[in-house]
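Visitor: Let chain A serve as the given structure and place chain B on it in line with the hints.
Chains A and B supply the protein sequences, listed in that same order. Note that numbering that gives the first Met the number 0 gives residue 192 to position 193 of the first sequence, counting from 1, and the numbers run on in steps of one. Note that numbering that gives the first Met the number 0 gives residue 231 to position 232 of the second sequence, counting from 1, and the numbers run on in steps of one.
Hints are not guaranteed to be accurate.
Claimed, not checked - To be clear about the criterion: a stretch of chain A counts as covered by chain B if any three or more of its residues have a C-beta under 8 Å from a C-beta of chain B, and this derived list gives those stretches:
| # | segment |
| --- | --- |
| 1 | 119 to 128 |
| 2 | 139 to 147 |
| 3 | 168 to 181 |
Stated by the list, open to error - Derived contacts from chain B toward chain A, CB cut-off under 8 Å, selection only:
| # | residue |
| --- | --- |
| 4 | ARG20 |
| 5 | THR55 |
| 6 | ALA58 |
| 7 | SER59 |
| 8 | ALA63 |
| 9 | GLY70 |
Stated by the list, open to error - Beta-carbon label-pair distances, calculated as ranges:
| # | chain 1 | residue 1 | chain 2 | residue 2 | range |
| --- | --- | --- | --- | --- | --- |
| 10 | B | ASP17 | A | ALA264 | 50 to 60 Å |
| 11 | B | HIS279 | A | ARG307 | 51 to 61 Å |
| 12 | A | PRO2 | B | ASP17 | 49 to 59 Å |
| 13 | B | MET180 | A | MET55 | 32 to 42 Å |
Note that these hints are calculated values from the structure, not bench results. Note that the Cβ used here is the ideal one computed from N, Cα and C, for glycine as well.
One-letter residues, chain by chain:
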Amino acid sequence: MEPSPWDPEGVEQSLDAEGQLLDRRAAHGLDLRALYKRLVAARLLDLRLSRLGLPMWVSSAGEEAATVLSAMLAGPEDWLYPSVRDLALAPIRGMDVDEFAQQVLGAAYNGRPGAIAAADLGIGHAPETLGLHLPLAAGQAHAQKLAGPGRMTAALFGEGLTTTAMFHETVALAFACDLPLVLVCKSQLWPEGAPAEAGLLGDSVAERVKACGLWSRRVDGADVVGVYAALDQAFRRARDGRGPGLVEVVATRLQTGEQSADVPAHRDPLERLRRHLDREKQWTPTFQDVIEAEVRGVLERAFSHVQRQAAVREGSA
Amino acid sequence: MNVLERLSEVMAELLRDDLRRVVLGEDVREGGMLGLSRASMQDPALGLRVLATPLTPVASLAHATGLALAGRRPIVLLASATALLEGYGALRELGRVAATAGGERSAPVLIVAPTGPGFGLGGDGADSPEAALTAVPGLRVLVLGDALEAVAMLRACASFDDGEAPTVLLLPRALVLREFMADDFKPSLGRPLGAARVVREGAAATVFAVGAAVDQAFAAVEATGLEVAIVEVSGLAPLDEAGILAAATGGKLVVTHPGGRAHGPGAELVALLADRAILHLDAPVLRVTGAEGPLTGRDESAGLPDVEAIAAAITRVATY
Numbered sequence: 000m001e002p003s004p005w006d007p008e009g010v011e012q013s014l015d016a017e018g019q020l021l022d023r024r025a026a027h028g029l030d031l032r033a034l035y036k037r038l039v040a041a042r043l044l045d046l047r048l049s050r051l052g053l054p055m056w057v058s059s060a061g062e063e064a065a066t067v068l069s070a071m072l073a074g075p076e077d078w079l080y081p082s083v084r085d086l087a088l089a090p091i092r093g094m095d096v097d098e099f100a101q102q103v104l105g106a107a108y109n110g111r112p113g114a115i116a117a118a119d120l121g122i123g124h125a126p127e128t129l130g131l132h133l134p135l136a137a138g139q140a141h142a143q144k145l146a147g148p149g150r151m152t153a154a155l156f157g158e159g160l161t162t163t164a165m166f167h168e169t170v171a172l173a174f175a176c177d178l179p180l181v182l183v184c185k186s187q188l189w190p191e192g193a194p195a196e197a198g199l200l201g202d203s204v205a206e207r208v209k210a211c212g213l214w215s216r217r218v219d220g221a222d223v224v225g226v227y228a229a230l231d232q233a234f235r236r237a238r239d240g241r242g243p244g245l246v247e248v249v250a251t252r253l254q255t256g257e258q259s260a261d262v263p264a265h266r267d268p269l270e271r272l273r274r275h276l277d278r279e280k281q282w283t284p285t286f287q288d289v290i291e292a293e294v295r296g297v298l299e300r301a302f303s304h305v306q307r308q309a310a311v312r313e314g315s316a
Numbered sequence: 000m001n002v003l004e005r006l007s008e009v010m011a012e013l014l015r016d017d018l019r020r021v022v023l024g025e026d027v028r029e030g031g032m033l034g035l036s037r038a039s040m041q042d043p044a045l046g047l048r049v050l051a052t053p054l055t056p057v058a059s060l061a062h063a064t065g066l067a068l069a070g071r072r073p074i075v076l077l078a079s080a081t082a083l084l085e086g087y088g089a090l091r092e093l094g095r096v097a098a099t100a101g102g103e104r105s106a107p108v109l110i111v112a113p114t115g116p117g118f119g120l121g122g123d124g125a126d127s128p129e130a131a132l133t134a135v136p137g138l139r140v141l142v143l144g145d146a147l148e149a150v151a152m153l154r155a156c157a158s159f160d161d162g163e164a165p166t167v168l169l170l171p172r173a174l175v176l177r178e179f180m181a182d183d184f185k186p187s188l189g190r191p192l193g194a195a196r197v198v199r200e201g202a203a204a205t206v207f208a209v210g211a212a213v214d215q216a217f218a219a220v221e222a223t224g225l226e227v228a229i230v231e232v233s234g235l236a237p238l239d240e241a242g243i244l245a246a247a248t249g250g251k252l253v254v255t256h257p258g259g260r261a262h263g264p265g266a267e268l269v270a271l272l273a274d275r276a277i278l279h280l281d282a283p284v285l286r287v288t289g290a291e292g293p294l295t296g297r298d299e300s301a302g303l304p305d306v307e308a309i310a311a312a313i314t315r316v317a318t319y
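The shape of chain A in the complex, shown without the other chains (with noise of 0.2 Å):
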């Protein structure tokens, strides 16, 4: 099949448009099934959350390759820095479903809706100050380091922090230092061009960050299989004391008002995995509703019950 405008050059194809698996080794260690359910619990926290009315929130559809895999992928001991668009990774970690409705509507901590954090969980808190979680992430890692090898941390975050100088701070401090930093850089294609606030620099973060000495690998968002090598790779390095790395991952997002161009279905990661199980005859419709129905019912039960505690306590003040 001939790419599209969507997609992004210089990355290698582990699970091709079609669905079709390349590279078995890449999946080696990976259950795709429990996998795609994952992702698809993190389309529907994504839909459920765009009802919440949430200040300044951004759907994540379409990034959830690289925040739900990250997720699985980190040990107990590692620790992620989330940006505000990878609230999905909490409950992957652990996180209580109750306890996640309260952080996400701003019951909890801070009361800042939309923002979690959880130390005993290894959930790093997104700071107010655009980008700031990326140097407390190298900090966390630093300690980590001082501690000895086989842990690490992983700080996830769009494309547009990388012409900031907290990212190029952060990338300096963690050379300088040889933490055991992953930098998850979210990127997106902008087929129509990029609007003058992107501020992109280069296509490629990978590169550039490769051309500053830092281990990098960039991958296509929408190719699971190829984001879970790529992280899995990186996560490695650095807790085996090989140093900080970065991965960009290339997603498309799905629901933004500032893409119009009807995105092709083989970019959504779902869609190309469901496609993937199907021809491993691994899919069915039933098997997608019993999904659903059950993603949609933990969520509904959770922020409906903190929704009506919070009325309750409003009608009580």
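Guide: Showing chain B alone in chain A's frame:
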């Protein structure tokens, strides 16, 4: 030895005393811009906890915050207190991180930085950004006012005995190059960290002085020939309100500090006195401060309050 050389030894002792502590900063593995990590680097057992970081104003402060959240006790050495203004976003995060970071967490970061005129640098190297730092919620800000208390102040700040609020210890450049014998330094403060201290008794007037202004106040009092009390205010945030008010009952008050007057630390002090010591006041509360700046290297001493101006203020309130 000068104050910085003694503090370098104390820094090494601090690393020995608590394995959680790490020293961070640009050039710290070469001793640091002020030489404060020199003694630590001379001890092979401590070198691993002296962590050189690039000069990245925002990231390096947030990086230290991350280390603290992970259970470490970072001591950040800066070449100038004004670097904190470049890293202001991270400083604000440091101040509030304990409340937002998800669960029971604190960030006992100690930042040590020189402030005000004294090295002949002018510009940023002569600025006194104290007021901007006290405006950061959650941050504890202390200024050394007596060179012989440098050791005790650093130890008290690094101990975090009275809470784990992130702390900035400012060392006036005008004080830290003074020479003393090692034994001259007081081993401990003998009062709570940040408590206001009466350093000279006298009934004719009372001068509240911050940092390098304490010595200027002493010189001014000598010049007047009056019996004037001097109160050293070393804790700018939080202010030792009780201690300050207790020392204000004489009712003839002067406030002096380095740096500009508008919205400076003196503004808060005078407002406090006007609010809570009003029944004691027998004269206007006068402020004598340094120049607003910007200062050049040649005229940087204008960043300190002028001795004659303090003396004139004392005479005015004393004879009001």
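Visitor: Next step is simple, just say for each hint if it's right about the structure.
Guide: Here is what the structure says about each hint:
no., hint, in the structure
1, 119 to 128, "holds (count 7)"
2, 139 to 147, "holds (count 6)"
3, 168 to 181, "holds (count 6)"
4, ARG20, "11 Å, violated"
5, THR55, "3 Å, holds"
6, ALA58, "3 Å, holds"
7, SER59, "7 Å, holds"
8, ALA63, "6 Å, holds"
9, GLY70, "6 Å, holds"
10, ASP17/B - ALA264/A: 50 to 60 Å, "58 Å, holds"
11, HIS279/B - ARG307/A: 51 to 61 Å, "56 Å, holds"
12, PRO2/A - ASP17/B: 49 to 59 Å, "57 Å, holds"
13, MET180/B - MET55/A: 32 to 42 Å, "59 Å, violated"
The structure fails hints 4, 13 (numbered hints given earlier, in ascending order).
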